[in-house]
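Throw the hints in and build the complete structure from the sequences for me.
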Amino acid sequence: MINQQLINPQSIVVIGGSNDVTKPGGKVLKNLIDNGFNGKLYVTNPKETEIQGIKCFQTLHELPDCDLAILAIAAKYCPDTVDFLAKNRKTRAFIILSAGFHEESEEGAKFEQKIVDTINSVNGCLIGPNCIGVMNHHHTSVFTTPIPKLDPKGVDFISGSGATAVFIMESGMPNGLSFSSVYSVGNSAQMGVEEVLQYLDESFDPASSSKVKLLYIESIDKPDLLLKHAASLIRKGCHIAAIKSGSSSAGSRAASSHTGALASSDTAVDALFRKAGIVRCYGREELATVAAIFMHKKLSGKNIAIITHAGGPAVMLTDALSNNGLEIPHIESPELLEKLLPGSSVANPIDFLATGTAANLGDIIDYCDTKFDNIDAMAVIFGSPGLTEVYDVYKLLDEKMKTCRKPIYPILPSVINVKKEIEYFLSLGRINFPDEVVFGNALAKVYNTPPPVVMMETPKIDRVAIRAIIDASVDGYLDPEKVQQLLDAAGIPRAGEAVVTTPETAVKEAQRLGYPVVMKVVGPVHKSDVGGVVLNVNNDETVRREFDRMIRIKDTTAVLLQPMLSGTQIFAGAKYEPKFGHMILCGLGGIFIEVLKDVQTALSPVSASEALEMIRNLKSYKIIQGVRGQEGVNEAAFAEAIVRLSALCEAAPEIAEMDINPLLGNAKGVVAVDARIRIEK
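Counting in our numbering, the sequence shown runs from 1 upward without gaps.
Don't take each hint at face value.
Straight line, CA to CA, 20 Å or less: simulated DMTMM-like cross-link-like pairs of lysine to aspartate or glutamate [to be verified]:
(1) K55 with D65
(2) K76 with D34
(3) K76 with E107
(4) K445 with D376
(5) K371 with E338
(6) K236 with D266
(7) K339 with D270
(8) K579 with E421
(9) K298 with D392
(10) K298 with E327
(11) K222 with E650
(12) K482 with E680
(13) K554 with D529
(14) K406 with E338
(15) K371 with D392
(16) K619 with E635
(17) K55 with D34
(18) K482 with E650
(19) K579 with E594
(20) K597 with E546
(21) K302 with D319
(22) K302 with D373
(23) K395 with D373
(24) K579 with E650
(25) K236 with E218
(26) K668 with E680
(27) K597 with D270
(28) K579 with E286
(29) K406 with D529
(30) K211 with D221
(31) K297 with E327
(32) K406 with D471
(33) K579 with D376
(34) K402 with D34
(35) K110 with D80
The hints are simulated quantities; they were obtained by calculation from the structure and are not laboratory data. All values reported here derive from a predicted model rather than from experimental measurement.
If you want it as structure tokens, here you go:
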């Protein structure tokens with residue numbers, strides 16, 4: 001785990017320091033010196049006696065005890081160096097900048113493991129190898145630039161890529177984004193993004209810790225750890241945004257069910273972030289913009305006032321917000337209009353014209369803050385054609401942001417014409433959003449990201465029966481009888497049915513179930529494609545005839561009979577994703593799942609509220625509600641089936657893929673008509 005020797009070291013040694021600041025060992029030392037590290041600073045290099053004005057130790061044996069060691073030497077020398085420092089110089093924190101480890105070769109992987117074993121043996125911590133380093137307001141142990149403004153109230157940023165960390169900082173810094181800490185974890189040999197986030201959670205102090213966390217992740221190795229600590233931080237009042245790069249469809253490889261084809265590793269990432277309350281971003285500019293929004297007062301509603309002296313940007317912002325579910329409510333205020341210049345409009349966007357003054361802007365903001373109850377936040381667009389200085393506007397904007405109850409988002413697009421005025425505004429600790437559309441899309445994404453899921457009591461299911469069935473089964477698709485037993489044990493309603501292998505038994509079971517019945521082949525995956533489904537069978541003769549035809553269809557082992565039921569075809573399914581666990585899916589059923597691919601996904605376990613949210617987020621939700629006189633689906637019953645499916649997967653993690661397709665739903669409830677379960681032990 002991260003320790004105080006890494007966070008606030010009293011002494012740092014740069015192993016492999018240099019006078020050449022174009023080398024990592026030279027640049028990291030220069031950054032430490034230039035940014036005022038207050039502790040004892042040491043450097044080693046066998047070829048030097050003084051480096052950048054600091055006495056240089058030529059061997060490790062000459063070094064005094066040291067809290068933090070930064071290694072900028074060849075990979076092959078790192079294991080012995082770490083071993084000596086850990087065992088002889090009480091060093092308990094290490095940052096290894098060097099590359100050449102498991103990312104390059106098998107030999108490098110052995111070096112890396114030896115280092116980790118040594119550091120673990122002394123209960124130390126390691127950042128890297130193959131990283132740019134760590135910085136906070138105590139020390140800047142990185143070999144890169146820029147060095148951002150380091151403020152304890154700034155953003156905590158954890159990155160799996162050093163270069164990307166630099167680029168993301170460069171995206172945010174020009175607009176006034178400040179940072180509290182930056183961790184570049186590199187190879188994550190001992191600690192990755194998840195462990196650093198765990199430290200930020202467990203050490204969180206509501207009075208002094210940053211409340212904004214940014215993540216750049218290339219590989220999620222411990223999703224449970226990420227989920228636990230991200231959700232914990234957000235419940236403590238923090239905001240988290242993340243990029244997960246490397247989206248892949250590999251998760252759907254060799255899928256033999258609808259669920260398997262529709263679920264992937266990236267689907268699992270989406271579900272994980274949603275469950276944790278993390279805002280998912282897809283690019284550097286978007287991540288930096290979301291972070292900047294987090295640094296403002298929290299948006300409590302979706303009604304936005306757009307205040308502008310330029311019509312075009314206001315229209316584009318209106319489109320960006322409206323297209324993403326936020327609202328620009330109409331405003332009427334003759335009283336406010338009288339305070340503005342002739343030709344102004346208060347309809348929303350509130351346009352106070354290119355000739356509008358700081359006083360006009362102040363009046364508008366005051367009305368939006370105190371008199372317009374249908375406004376939750378303000379976006380102020382103010383640039384300049386370059387005719388006059390506008391310091392007074394930005395000074396007023398700063399004052400209003402301090403005193404107003406509602407959030408104010410400054411969109412200042414004139415980054416050349418009023419460059420000095422914007423620099424002044426940023427010097428006050430403010431942040432600028434230079435592009436209204438990027439801002440609008442980011443604000444909507446922040447608002448539309450749900451809070452962390454709160455798990456309630458899981459439903460009671462027959463775990464003993466489930467385990468008995470699973471333990472007695474072999475890999476592959478379960479036969480229909482076992483599927484029925486699992487559905488019953490999980491409490492998922494199903495249609496009465498019978499699996500038959502002779503025409504005589506088929507007739508007998510059809511009479512027992514009651515006509516009309518539906519007949520389906522057992523075996524083929526896509527039954528309807530091979531003529532393996534017959535509806536509305538009304539008599540014994542048709543049962544015999546259809547049985548004789550269907551049993552000869554390729555791969556058919558039996559015929560399934562069920563009573564004909566009416567309702568909307570819906571779907572629920574599950575797929576196991578390595579590391580993440582089960583993904584639970586729902587949507588419209590039958591052929592619609594293949595045509596529309598309109599599904600919602602959640603990570604198991606799924607709560608009742610989460611299941612309802614999944615249903616209501618479907619694009620086809622109006623069909624489930626019932627449209628044009630058609631009977632809708634009982635949403636509570638549909639959600640209950642989803643929750644019980646999730647509980648079944650928790651009891652039987654061996655379930656690799658599962659489809660309940662279709663579920664038939666009507667106003668009374670839902671019934672499983674067909675289901676397939678494949679297990680992998």
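Tested hints:
Taken as a hint, the K55 and D65 pair is honoured in the structure, with Cα atoms around 16 Å apart against an allowance of 20 Å. With a C-alpha separation of about 30 Å, the suggested pairing of K76 with D34 is violated against the 20 Å cut-off. At most 20 Å may separate the alpha-carbon atoms for a hinted pair to count; K76 and E107 meet this at roughly 9 Å. For the given pair, K445 sits about 16 Å from D376 by alpha-carbon distance, which is consistent with the 20 Å threshold.
Annotation: proposed proximity of K371 to E338 holds, straight-line Cα distance about 15 Å (limit 20 Å). With a CA separation close to 27 Å, the supplied pair K236 and D266 exceeds the 20 Å bound. Note on K339 and D270: the hinted pairing is violated, with a Cα-Cα distance of about 48 Å set against a maximum of 20 Å. A C-alpha spacing of about 50 Å is found between K579 and E421, which places the hinted pair above 20 Å, so the restraint is violated.
Proximity of K298 to D392 is assessed by CA-CA distance (about 26 Å); at most 20 Å being required, the pair is judged violated. Of the pairs offered as hints, the one joining K298 and E327 holds, with about 17 Å between alpha carbons and a cut-off of 20 Å not exceeded. Of the supplied pair hints, the one linking K222 and E650 holds, its CA atoms being roughly 18 Å apart against a limit of 20 Å. Proposed proximity of K482 and E680 is supported: the alpha carbons are some 15 Å apart, at most 20 Å.
Pair hint K554 plus D529 holds up; C-alpha atoms about 12 Å apart against a cutoff of 20 Å. Straight-line distance between C-alpha atoms of K406 and E338 comes to about 24 Å, which puts the hinted pair past the 20 Å bound. The suggested pairing of K371 with D392 is violated, with an alpha-carbon distance near 24 Å, which exceeds 20 Å. A distance of roughly 15 Å separates the Cα atoms of K619 and E635; the hinted pair therefore holds under the 20 Å criterion.
Between the alpha carbons of K55 and D34 the distance comes to roughly 17 Å, so the proposed pair stays at or under 20 Å and holds. Simply put, K482 and E650 have alpha-carbon atoms about 18 Å apart, close enough for the 20 Å limit, and the pair holds. Distance check on the hinted pair: K579 and E594 sit about 27 Å apart at the alpha-carbon level, beyond 20 Å; violated. Distance check on the hinted pair: K597 and E546 sit about 32 Å apart at the alpha-carbon level, beyond 20 Å; violated.
Proposed proximity of K302 and D319 is supported: the alpha carbons are some 14 Å apart, at most 20 Å. A distance of roughly 12 Å separates the Cα atoms of K302 and D373; the hinted pair therefore holds under the 20 Å criterion. With a C-alpha separation of about 26 Å, the suggested pair K395 and D373 falls outside the 20 Å cut-off, and the hint is violated. Distance restraint check for K579 and E650: the Cα-Cα separation of roughly 14 Å lies within the 20 Å cut-off, and the hinted pair is therefore satisfied.
Restraint check for K236 and E218: the C-alpha separation of about 26 Å exceeds 20 Å, so the hint is violated. The suggested pairing of K668 with E680 is violated, with an alpha-carbon distance near 35 Å, which exceeds 20 Å. Proposed proximity of K597 and D270 is supported: the alpha carbons are some 16 Å apart, at most 20 Å. Between K579 and E286 the CA atoms are separated by roughly 28 Å; this puts the pair beyond 20 Å, and the hint is violated.
At most 20 Å may separate the alpha-carbon atoms for a hinted pair to count; K406 and D529 exceed this at roughly 58 Å. Restraint check: the Cα-Cα separation between K211 and D221 comes to about 24 Å, which exceeds 20 Å; the hinted pair is violated. As the CA atoms of K297 and E327 are separated by approximately 18 Å, the hinted pair is consistent with the 20 Å bound. Between K406 and D471 the alpha-carbon distance is near 58 Å, which puts this suggested pair outside the 20 Å criterion.
Simply put, K579 and D376 have alpha-carbon atoms about 40 Å apart, too far for the 20 Å limit, and the pair is violated. For the hint linking K402 to D34, the alpha-carbon distance of about 33 Å lies beyond 20 Å, and the restraint is violated. Distance check on the hinted pair: K110 and D80 sit about 13 Å apart at the alpha-carbon level, within 20 Å; holds.
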